[in-house]
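> Below, each chain spelled out in residue letters.
2 protein chains.
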Amino acid sequence: MLTFETNQVQGATNIIEKLVSLPFEKTQHRIDTLDAQPSSTDGGVMVMVTGKLLIDDSEHPQNYAQTFQILPDGAGSYYVMNDIFRLLY
Amino acid sequence: MLTFETNQVQGATNIIEKLVSLPFEKTQHRIDTLDAQPSSTDGGVMVMVTGKLLIDDSEHPQNYAQTFQILPDGAGSYYVMNDIFRLLY
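If you read the protein sequences in the order shown, they are chains L and Y.
Residues 1 to 89 in the UniProt record's numbering are what the first sequence spells out, letter by letter.
Residues 1 to 89 in the UniProt record's numbering are what the second sequence spells out, letter by letter.
Quick caveat, the hints were computed from the structure, so don't treat them as lab data.
There's no promise every hint is true.
[Unchecked claim] Calculated lysine to aspartate or glutamate pairs in the DMTMM-like style (CA-CA distance at most 20 Å, straight line): (1) Y:LYS52 with Y:GLU25; (2) L:LYS18 with L:ASP56; (3) L:LYS52 with Y:GLU5; (4) Y:LYS52 with L:GLU5; (5) Y:LYS52 with L:ASP32.
Computed from a predicted model, the values in this text were never measured in an experiment.
With the rest of the complex left out, here is chain L:
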């Protein structure tokens, strides 16, 4: 599931459609903090990232916070279970 600002979107197809629809072309992420913890007994990992986002050619970076959880898919890889993104004002 993706929560992007106030929108909740579920499922890979819907999430791709949402991301493609965003009205900017270039973004640059500058990571300030990154913390990870084990999130489940079967090998999940929860990550919280905070940093600054430069949108298109704006010179005013915006603070953001993003949390995601990845879980093992049983085939040696991981899938994204959760993704929450917020700009901070």
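Chain Y: place on chain L using the hints.
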């Protein structure tokens, strides 16, 4: 597990000891955003909160981001599996 700024602390006793040791007496949280998602198939919930923190009698609120995950304890209640806290500069 608690990640408070750069410190990782595991287990209830250690976490309480860490929280008691913090060098301020009064804090006030103002929540700006709150997003929740189901985080596991057995009823877990992941929550990301962002907002402003007023420490003691400071008039300068500091931005913070906090993510926690609660999981069902099997007895009708929940326990805190993860807690990540960061001040944002």
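> Please work out if Y:LYS52 and Y:GLU25 have their alpha carbons no farther apart than 20 Å.
holds, 17 Å
> So if I understand the rule, the pair passes when the alpha-carbon distance is 20 Å or less; does L:LYS52 with Y:GLU5 pass?
Distance ~18 Å between L:LYS52 and Y:GLU5 Cα, so the pair holds.
> With the threshold set at 20 Å, check whether the alpha-carbon distance from Y:LYS52 to L:GLU5 stays at or below it.
holds, 18 Å
> Need the status of pair L:LYS18, L:ASP56: alpha-carbon distance at most 20 Å?
holds, 18 Å
> Holds or violated: are the alpha carbons of Y:LYS52 and L:ASP32 at most 20 Å from each other?
holds, 18 Å
In the structure shown, no violation is registered for any of the earlier numbered hints.
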